[in-house]
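Chains as they are written, first to last, in the working numbering: chain A, 1 to 111; chain B, 1001 to 1502.
Calculated from the structure, these hints are not laboratory results.
Treat the hints loosely; a few may be bogus.
As the list claims (entries may be wrong) - Simulated DEER-style distance windows between Cβ atoms:
1. B/R1102 / A/E53: 47 to 53 Å
2. A/R26 / B/D1450: 21 to 27 Å
3. A/I16 / B/L1416: 35 to 41 Å
4. A/A82 / B/G1062: 40 to 46 Å
5. B/S1026 / A/R92: 29 to 35 Å
6. A/L74 / B/R1360: 54 to 60 Å
7. B/A1041 / A/L74: 31 to 37 Å
8. B/R1104 / A/V78: 22 to 28 Å
9. A/T56 / B/R1390: 53 to 59 Å
10. A/G9 / B/A1018: 40 to 46 Å
Stated by the list, open to error - Covered by chain A, according to a simulated footprint, are these stretches of chain B (three or more residues, beta-carbon under 8 Å):
11. 1054-1064
12. 1073-1079
What the hints assert, rightly or not - Computed list of chain B residues with no C-beta within reach of chain A, every gap over 12 Å:
13. L1138
14. V1161
15. L1208
16. A1363
17. F1376
18. D1449
Cβ atoms here follow ideal geometry from the backbone N, Cα and C, with glycine treated the same way.
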Amino acid sequence: MTVLPITVGILVAGGIYLLCQPGLVRIVFGITLLSHGANLVLLSSGVSAWRGEPLTGTADPADAGDPLPMAFVLTAIVITLAVTVFMLALARIGHDDSTRHMPDTGEDHRA
Amino acid sequence: MTGSLLPLLVVVPLLGAALGALVPGSIARVMLVLSPVLTTAGGVALLVTHGDTPVLAQDVGGFVAGIAIPLVSDTFTAVMITVTGLTTTACIVFALITGEARLRFFPTLVMMLSAGVNGALLTGDLFNLFVFIEVMLLPSYALIAMTGTWRRLGVGRLFVVINLVTSTILLIGIGLVYGVAGSVNLAVLTDMDADDPRFRLAVGVVLLALTVKAGVVPMHGWLPRAYPATSATVMALFSALHTKVAIYAVFRIHQTVLDGAAEWMTLLLVLFTLTMLVGAYGSLGERMVRRSLAWQMIAGVGYILVGVGIGTQLGLAAGLFYMVHHILVMGSLLLSSGAIEHAYRTNQFVGLSGLMRRERLLAVIMALGMMSLIGFPPSSGFFGKVGIARAVADLDGFQIWLVLGALLVASIGTLLAMSRLWADVFWGPPMEEMPSRGKGHTEPPVVPDDTRMRLRTLVPAGALLLMSLAIFVVPGPLWELCLQAADGLLDVTAYVETVTAS
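Make the full structure from the sequences, and use the hints.
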């Protein structure tokens, strides 16, 4: 069972590398990798071996997988997806990461 | 109030948020005011109930206890819900006065934010803490992007990235806790052996993520960058809700799950006293009212968390007392700054001068608010700091000198920073005769002679300040509540029994 930790390690390392790069799109990719790593950690907190479906009537509870980490991962994926979409929108509006110069958003800047 | 009503504190603002997006703006704004008022009323009802029932719990979803989603309330929760509800009400009233609430989706976003806050305060389960923190953050991303100056866009990215990475760390920590303990229910986790190094490491990762969200030094840098770029209303909301929810979770998890483990207390105390010092002196480098106040928010985080570092009944109660004081006073100061911006269109030191003669009521409110931050009477800050100084006696040896010294030096730093703010903004020549001190883009704007603040823009700030003064005059009831809350954190038997029985 060393595949899972190694995969998590590679994903997190790649994610952190991309987070340190300039440009929001790369950061978004970095966060995506990082959250995949986190999801694998969550999955491995249940039993990572092959198990039956955790549905009533389909598998004996003794053989069924742990449903809770799967529910965690599902929730986490939904949340990350929502924020990724928002960040891609931010990347489209701002064009660069400058906090010193006014971005051209097409709106009125008097306020 | 019974346990079965607890979900309403989340459901009502969430439903309001959904409806607020559909109905016309005027109706949405009525709902916007009602939602925090109802939250506050719920908080007060909980406080009354906890007089004789220490803990209320409700399992949502009808699963067996241990799997169901528990919502739990004790005195600590009730105090937090009441105070955050009050401050949210003040912020919303201010947004209505300045017209910010007329922005499309502002009511929806704020109601969603308060649903997330109430959920995070009530939940008795680590994973749902993560979910509710996300429910709280998603509308915040949008709020930061739609209010404030043009800097908000660049700064919004910073805020989103920091919070998302921190949430990922929190999620990893929760996964590790589940892997070690087989549960993420706080009541079940109290049975875990707190000396198991794997368990401690897992909970440590969770606490690390929460301290980043709280803005503890050395993970504080994002806060004074991000917050001042939004509008004053949104900054006041965030200051009352975001960092405080993270601090609440640190209090709760550290005390119930780890039983206040002793040997890393020195490390925690060093970090928290550093937070006090860096925050207090960080203001000195800033040349804008709200940026200066943002650093004082960090200092406040240090003062509050020192309570966890001390970890005794007095310490926890003093931390909680300071939190209540800090939420009220910071809200008052930020909304005063918002009133300045509403009338004078700037909060830079170069653009403001001689406000003391021009705006007497504002001067009184901000002077008292600043004295409260420093810890002078007559204000709640005085008793906040007295409480911490008293609790320090529970420590031993050099830790006493560490905390007392930091308390003193940090208060002097706040005094310096606030006198600078005062001298630049409230003293000096009248605004009409102000010489052009600006260079380049900081040229002060031309202010017409007859520009004055409208009295009503100061009402929310004044109301919050009055609460702070009331705490100075009658500190007894709040202190009793804080002691009761600290008892609940130290002795978790009632908490565990109620959660597992419901």
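Against the structure, the hints:
no.: 1; hint: B/R1102 / A/E53: 47 to 53 Å; verdict: 51 Å, holds
no.: 2; hint: A/R26 / B/D1450: 21 to 27 Å; verdict: 52 Å, violated
no.: 3; hint: A/I16 / B/L1416: 35 to 41 Å; verdict: 38 Å, holds
no.: 4; hint: A/A82 / B/G1062: 40 to 46 Å; verdict: 28 Å, violated
no.: 5; hint: B/S1026 / A/R92: 29 to 35 Å; verdict: 33 Å, holds
no.: 6; hint: A/L74 / B/R1360: 54 to 60 Å; verdict: 58 Å, holds
no.: 7; hint: B/A1041 / A/L74: 31 to 37 Å; verdict: 35 Å, holds
no.: 8; hint: B/R1104 / A/V78: 22 to 28 Å; verdict: 25 Å, holds
no.: 9; hint: A/T56 / B/R1390: 53 to 59 Å; verdict: 57 Å, holds
no.: 10; hint: A/G9 / B/A1018: 40 to 46 Å; verdict: 41 Å, holds
no.: 11; hint: 1054-1064; verdict: violated (count 0)
no.: 12; hint: 1073-1079; verdict: violated (count 0)
no.: 13; hint: L1138; verdict: 6 Å, violated
no.: 14; hint: V1161; verdict: 6 Å, violated
no.: 15; hint: L1208; verdict: 14 Å, holds
no.: 16; hint: A1363; verdict: 25 Å, holds
no.: 17; hint: F1376; verdict: 35 Å, holds
no.: 18; hint: D1449; verdict: 22 Å, holds
Hints 2, 4, 11, 12, 13 and 14, counting from the list given before, are not met by this structure.
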